[in-house]
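Number of protein chains: 2
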Amino acid sequence: MYIGIDLGGTNIAAGLVDDSGKILYTKSTPTLATRGYKAVIDDINKLVKDIIEEAKVEKNEIKAIGIGIPGLADKDGNVIFCVNLGWENIPLRKMMEEELNIPVFIDNDATVAGLAEYEFGSMKGCKNGILLTLGTGIGGGIILNGEVYSGVHGVGSEIGHMIIGENFYNCNCGKNGCFETFASSTAIIKYTQKLISEGNTDTIILQKVEGDLEKINAKVIFDSAKEGDRVAKMAVDRLVKYLVIGIFNIVNFMDPEVIALGGGISNAGEYLLNLVKEEFEKFKYYKTLPAANIVLAQFKNDAGILGAAMLGKHGVR
Amino acid sequence: MYIGIDLGGTNIAAGLVDDSGKILYTKSTPTLATRGYKAVIDDINKLVKDIIEEAKVEKNEIKAIGIGIPGLADKDGNVIFCVNLGWENIPLRKMMEEELNIPVFIDNDATVAGLAEYEFGSMKGCKNGILLTLGTGIGGGIILNGEVYSGVHGVGSEIGHMIIGENFYNCNCGKNGCFETFASSTAIIKYTQKLISEGNTDTIILQKVEGDLEKINAKVIFDSAKEGDRVAKMAVDRLVKYLVIGIFNIVNFMDPEVIALGGGISNAGEYLLNLVKEEFEKFKYYKTLPAANIVLAQFKNDAGILGAAMLGKHGVR
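Those protein sequences? They're chains A and B, same order as listed.
Taking my numbering, I'd label the letters of the first sequence as residues 1 to 317.
Taking my numbering, I'd label the letters of the second sequence as residues 1 to 317.
The shape of chain A in the complex, shown without the other chains (with noise of 0.2 angstroms):
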């Protein structure tokens, strides 16, 4: 068994796994960031803890724990930067193993997710496969022959940061024209914002949202287009040409044999996914050859802590 640990700004969730990816138990507690991150890893040394006790499990069934973290991890399980937590260079893995005495290891988000798809969902018993978490940004999570690709310094699979274009807004890294400000949630919200800035105001959008562009989210988007609204139409084709191009991108480069679609923007489902499809067949470069499967990922919320047991599971065999 292992225990899988989803680090998020927001929540510390952690679950029990045995070697099928059935989840048998899980906790979780707020990250509460501020308070410094020895408060946070006493915390998650505390879940992993009390997963064990509750469960009543021994803790020598526990192989190994995996961690996946909304940022960087070198190869030593010390955590390069997180961002939202505030945290760079934090020896994460050193301060688990000497309270806990079980390995850990540690990797990016979108990466643990990628490795619940590849283990257990839409890229099961695939060769090589991506999954693209399409949310306020955009992750990526590289499986190459079954194991998780970061690269030769750890600094791959940064997908969210390719450039594809000309934006009409910058990065919050502070470039232009990254993957993201097409092809994520934000993307989408920015640039329906925009349209109707712009005057495009015979939109059902506006009636959903109160008048109040603040509260456009993708969801109001996507339902607004499959009911024909003409500016939802507009902002959702945009997107699906940019996202289009980066999965264009992807091909040529890596050729792998799945890309899976997932975060919030992928609950648009199959609406979305034909879309892309259908764009991505007028876009390929070889036209009569196969080329990557494009589906929906599986796993939602679950991917976290499935993907992060199975990094432990990949990191002791």
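In short, the hints are calculated from the structure, not lab data.
A couple of the hints might just be wrong.
When the alpha-carbon atoms are kept at most 20 angstroms apart in a straight line, the in silico EDC-like pairs for lysine to aspartate or glutamate are as follows [claimed, not checked]:
id : chain 1 : residue 1 : chain 2 : residue 2
1  : A       : K124      : A       : E147
2  : A       : K127      : B       : D76
3  : B       : K75       : A       : E257
4  : A       : K284      : A       : D237
5  : A       : K175      : B       : E278
6  : A       : K94       : A       : D76
7  : A       : K38       : A       : E88
8  : B       : K233      : B       : E278
9  : A       : K175      : B       : E281
10 : A       : K284      : B       : E281
11 : A       : K287      : B       : D74
12 : B       : K127      : A       : D19
13 : B       : K284      : A       : E88
14 : A       : K175      : B       : E58
15 : A       : K287      : B       : E88
16 : A       : K284      : B       : E278
17 : B       : K241      : A       : E166
18 : B       : K190      : B       : E166
19 : A       : K75       : A       : D43
20 : A       : K226      : A       : E166
21 : A       : K59       : A       : D19
22 : A       : K241      : B       : E166
23 : B       : K287      : A       : E88
24 : B       : K38       : B       : D76
Listed next, the stretches of chain A that the computed footprint assigns to chain B, with coverage defined by at least 3 CB atoms under 8 angstroms from CB atoms of chain B [claimed, not checked]:
id : region
25 : 26–38
26 : 151–160
27 : 163–171
28 : 281–290
Sample of chain B residues with no beta-carbon within 12 angstroms of chain A, all distances over it, derived [what the hints assert, rightly or not]:
id : residue
29 : A55
30 : K190
31 : I204
Quick reminder that beta carbons are idealized off the backbone N, C-alpha and C, glycines included.
On the provided structure of chain A, position chain B as indicated by the hints.
Relative to chain A, chain B alone:
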């Protein structure tokens, strides 16, 4: 020993290569592709036989033959496309093995050049590396864990068609914004011609080409930039800007150990390399972390034969 064959649009170059990468004997013949694929493949087979005879080796000393093609082959050794040669679905391996009775391995020419750099040149000993061949187009040769990587469907490493912005002219592939329309020799020539046509005539480029815009080539532009010419420097700066965007996208995605710059543009040497490294340092996402080492490719014309021979070596081992 191996025989490496560099199948180009103009010439077919073949060489006898030992395990240590020493080219012992070479011979070449014009491609004359308009004769049709059978005549070309007859000539390839004849080159192999001639080399064996003229270099006075026994046929059974040749462990394998590798071929780099300006196109795409499948895993069974069929050439799927070779646009320059007018080839489509040609059973190249079969037609050679039946005639020669030596194992034949086929891959894209940029991939093969990447293998030469990995075995003996600028990417020697690295875990993961990418060669960018900056010529009339841009090719990519990806080495992952010591083997060439062409993706699951064999359509990967088409780095030249990664979309990175919006450009004033469309790519041959029909799309707008491909990497190779910004950072190839074709790209810098077209942009320089545009600058001059738009009235930037205060440039020594015009003297060097005697006023004939059609005579402008990448060397003239880089030479003029090195001499401080304003227009040439604008063109070089633009190429460097977009070359670094392409490199940045590769680093964000695959995080390789080395990125080697080859092809005609790389003849600008240290001058280009320094500009690229300077711009990349400003551009990279994780400022304080190490990322790919950017270097000049080591081999010029020999990369094709050498890499193809090594493709044979990797194939049979």
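| request: Mind listing which of the numbered hints don't hold for this structure, in increasing order? | output: 10, 12, 14, 16, 19, 20 and 25
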